[in-house]
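Dock chains B, C and D against the given chain A, drawing on the hints supplied.
4 protein chains.
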Amino acid sequence: MEQPPPKSALPLGRLEAFSDGVFAIAITLLVLELHVEPGSEAHLLHSILHEWPSYLAYFTSFLTIGVVWIEHSAITGSLRSADGGLYRLNLLVLLLVGFLPFPTKLVAEFVGDREPERVAVIFYGITLLALSFALTAFVRYAAQDRALVHEHVDSQELEAAMSLSPSGFYVVGILLAFVLPTVAVAAYLASAVYRGLPARTLHRLLWRRD
Amino acid sequence: MEQPPPKSALPLGRLEAFSDGVFAIAITLLVLELHVEPGSEAHLLHSILHEWPSYLAYFTSFLTIGVVWIEHSAITGSLRSADGGLYRLNLLVLLLVGFLPFPTKLVAEFVGDREPERVAVIFYGITLLALSFALTAFVRYAAQDRALVHEHVDSQELEAAMSLSPSGFYVVGILLAFVLPTVAVAAYLASAVYRGLPARTLHRLLWRRD
Amino acid sequence: MEQPPPKSALPLGRLEAFSDGVFAIAITLLVLELHVEPGSEAHLLHSILHEWPSYLAYFTSFLTIGVVWIEHSAITGSLRSADGGLYRLNLLVLLLVGFLPFPTKLVAEFVGDREPERVAVIFYGITLLALSFALTAFVRYAAQDRALVHEHVDSQELEAAMSLSPSGFYVVGILLAFVLPTVAVAAYLASAVYRGLPARTLHRLLWRRD
Amino acid sequence: MEQPPPKSALPLGRLEAFSDGVFAIAITLLVLELHVEPGSEAHLLHSILHEWPSYLAYFTSFLTIGVVWIEHSAITGSLRSADGGLYRLNLLVLLLVGFLPFPTKLVAEFVGDREPERVAVIFYGITLLALSFALTAFVRYAAQDRALVHEHVDSQELEAAMSLSPSGFYVVGILLAFVLPTVAVAAYLASAVYRGLPARTLHRLLWRRD
Numbered sequence: 001m002e003q004p005p006p007k008s009a010l011p012l013g014r015l016e017a018f019s020d021g022v023f024a025i026a027i028t029l030l031v032l033e034l035h036v037e038p039g040s041e042a043h044l045l046h047s048i049l050h051e052w053p054s055y056l057a058y059f060t061s062f063l064t065i066g067v068v069w070i071e072h073s074a075i076t077g078s079l080r081s082a083d084g085g086l087y088r089l090n091l092l093v094l095l096l097v098g099f100l101p102f103p104t105k106l107v108a109e110f111v112g113d114r115e116p117e118r119v120a121v122i123f124y125g126i127t128l129l130a131l132s133f134a135l136t137a138f139v140r141y142a143a144q145d146r147a148l149v150h151e152h153v154d155s156q157e158l159e160a161a162m163s164l165s166p167s168g169f170y171v172v173g174i175l176l177a178f179v180l181p182t183v184a185v186a187a188y189l190a191s192a193v194y195r196g197l198p199a200r201t202l203h204r205l206l207w208r209r210d
Numbered sequence: 211m212e213q214p215p216p217k218s219a220l221p222l223g224r225l226e227a228f229s230d231g232v233f234a235i236a237i238t239l240l241v242l243e244l245h246v247e248p249g250s251e252a253h254l255l256h257s258i259l260h261e262w263p264s265y266l267a268y269f270t271s272f273l274t275i276g277v278v279w280i281e282h283s284a285i286t287g288s289l290r291s292a293d294g295g296l297y298r299l300n301l302l303v304l305l306l307v308g309f310l311p312f313p314t315k316l317v318a319e320f321v322g323d324r325e326p327e328r329v330a331v332i333f334y335g336i337t338l339l340a341l342s343f344a345l346t347a348f349v350r351y352a353a354q355d356r357a358l359v360h361e362h363v364d365s366q367e368l369e370a371a372m373s374l375s376p377s378g379f380y381v382v383g384i385l386l387a388f389v390l391p392t393v394a395v396a397a398y399l400a401s402a403v404y405r406g407l408p409a410r411t412l413h414r415l416l417w418r419r420d
Numbered sequence: 421m422e423q424p425p426p427k428s429a430l431p432l433g434r435l436e437a438f439s440d441g442v443f444a445i446a447i448t449l450l451v452l453e454l455h456v457e458p459g460s461e462a463h464l465l466h467s468i469l470h471e472w473p474s475y476l477a478y479f480t481s482f483l484t485i486g487v488v489w490i491e492h493s494a495i496t497g498s499l500r501s502a503d504g505g506l507y508r509l510n511l512l513v514l515l516l517v518g519f520l521p522f523p524t525k526l527v528a529e530f531v532g533d534r535e536p537e538r539v540a541v542i543f544y545g546i547t548l549l550a551l552s553f554a555l556t557a558f559v560r561y562a563a564q565d566r567a568l569v570h571e572h573v574d575s576q577e578l579e580a581a582m583s584l585s586p587s588g589f590y591v592v593g594i595l596l597a598f599v600l601p602t603v604a605v606a607a608y609l610a611s612a613v614y615r616g617l618p619a620r621t622l623h624r625l626l627w628r629r630d
Numbered sequence: 631m632e633q634p635p636p637k638s639a640l641p642l643g644r645l646e647a648f649s650d651g652v653f654a655i656a657i658t659l660l661v662l663e664l665h666v667e668p669g670s671e672a673h674l675l676h677s678i679l680h681e682w683p684s685y686l687a688y689f690t691s692f693l694t695i696g697v698v699w700i701e702h703s704a705i706t707g708s709l710r711s712a713d714g715g716l717y718r719l720n721l722l723v724l725l726l727v728g729f730l731p732f733p734t735k736l737v738a739e740f741v742g743d744r745e746p747e748r749v750a751v752i753f754y755g756i757t758l759l760a761l762s763f764a765l766t767a768f769v770r771y772a773a774q775d776r777a778l779v780h781e782h783v784d785s786q787e788l789e790a791a792m793s794l795s796p797s798g799f800y801v802v803g804i805l806l807a808f809v810l811p812t813v814a815v816a817a818y819l820a821s822a823v824y825r826g827l828p829a830r831t832l833h834r835l836l837w838r839r840d
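Chains as they are written, first to last, in the working numbering: chain A, 1 to 210; chain B, 211 to 420; chain C, 421 to 630; chain D, 631 to 840.
This is chain A alone, in the form it adopts within the complex (with noise of 0.2 Å):
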């Protein structure tokens, strides 16, 4: 039978409706940036097809964070309390969740425009890194405290769910960025589409229904 956790431990569940509620304004938020060129009416159709970079931005950041979203679900899921520490880790989380709409919407504004669009994709390169270091920072700190974890669940393979992680795909897409900056926003798109994908080991060690 399972112990309960300390008395004084910080309510896991709290954390959970703040983190939810972070993750649901910044994906929510997102949509503000999309908009059409004022004296578009002539050919409204021909500004929202013209608009490519924004839907672009809107939706790899959109995935993005809802793939992190589900990865944050699925590691709170595994755990049956929470510290003092797992409160800032997940600040710090919440924090770069909630910064990313800011690079998105420069990669929207610049992305065809020669210059500004290396450092517009570079900046968003090296936000979406950050995040992905703070999530393994994360579960790693999770994994490495038995008491927050539940009974069922092997801290070590919890541990290592995230060692698969995209940080490689970001470190490549930000380098990409210098020379064809579109082409990693596409990657950059592909690491979160490749992170939702069932057969990840993060996926397959939480979501499995033995």
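None of these hints come from the bench; they were simulated from the model.
The beta-carbon is built from N, C-alpha and C at its ideal position, and this holds for glycine as well.
To spell it out: a stretch of chain A is covered by chain D in this simulated footprint if at least three of its residues, at any positions, have a beta carbon under 8 Å from a beta carbon of chain D; those stretches are:
#1 10 to 18
#2 23 to 30
#3 84 to 94
#4 112 to 121
For chains B, C and D alone, kept in the frame of chain A given last:
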């Protein structure tokens, strides 16, 4: 007696909490697009009334998101567990809910402006149609996995519940938008009202209190 | 012993969670309308103080939404179940809560500007009055269905609780706005303060700790 | 054995859910103020770096709201019930949390701009000080009513926990802002970092895992 859900299934409560967040934010962000033209001090009442396309678009999107939320709530209320596939389909529903403020803004801006009006209303209709498809996929996926559904719910009935889906309405609306865009928006609104009626199959199924 | 609610009743918790989201977002979005005029570097303190109508409108709307949330929370806290009708009336309450930032913005913009000021304050008052009616309808609907109310709550008392509703206040405020708009905003604010007082019937009913 | 809370006490969970919403939204809305000047295509990297006051303000406010949320979470985690007074004091805390993005925006806009900078930073400091007072009032109110506090929590310790409150920090910061505004912002930031340290009294009290 109802069997417990499989141990490593994903938490349904977290999916609901995150979805509630996205629905609540998308439905509340709509208000940010309401404003009066600069320089309308002299005739503020006139300016407020002049913005009727904004209110029509606001109200249509508010009601649509509200009704989709009620349906989403009724669906997950009939489930007892979630899995990775359901999480992904839910993300697709949320992607479209979160995107809706953008075409809403275009409709608010361009209704009454012959040529772009048509493009805006068709774009809006396509988004609503895609949302309707995503919700249908969500309920079908859930209904086909007996392990996800509460034992007292008939999963065939659950699947059938969405078969009188509003997709047909939206197809008609989109076609109508080619000739009578404003009437098409009224049709989208009527669709949301119709979906909110107590007599609808989904509601009969899930809200009966026997 | 309290009987369980009927099996397929709608989940009350989900209604609360979604409502909390909309209330929280509407109350927090209000801050987006606070700003100082461009070009106010030279006299920033003066510019900040000059924006007093914005703070008055912000504070009035914040307090109103806050008090309505407390009342909403007290009402649903006395229920044990929800049904489709309650979901719909709740959506009406949320529609008006979510709409409130728009007239708030108009009041903030036009108070001090004789003619439009009057229109803005009347429009604001009508929205507040409609919100008050919606909340009254919400509590009456709940009180009239014994199956929705907790057994330890007297449903007649619950229904009576809102009968000293603030609607009268708002009618007076709207009439006042025709001659003294700024005073009318102060009356709306006073109404929110009054509704927040511990001695109010609704509060006595629901918050007594016997 | 712990006694049940009085029957008609207000639900603590609902207070937490609403608060989580407001905290999450306020912390995420901050990103909307981050942007680069129009016409910065030519030197985007330079423009991004040039916005350092925005990042300083963003980070300070993010960390402050985050730490206040952790403290709020620790406080309500030590309670077992809420009443009307706690609901009202909580609304005061949320009023200030929700207001914080406005002075943050002013700091981001005017730091580096000698005269208005001083006004903006003092205004920001006063808001932070008021928030600190509100939180202290919140914890004191809770601590003085034995019926609200979990039996395993020493309410005197709870009350003492906030006595090393950051209010002093903010008073110093406000005074400092008269002569060295940018340094004062750094002091506000340091205060948030200090409050986030594990060794702080509040944390020792509430997060020990014995």
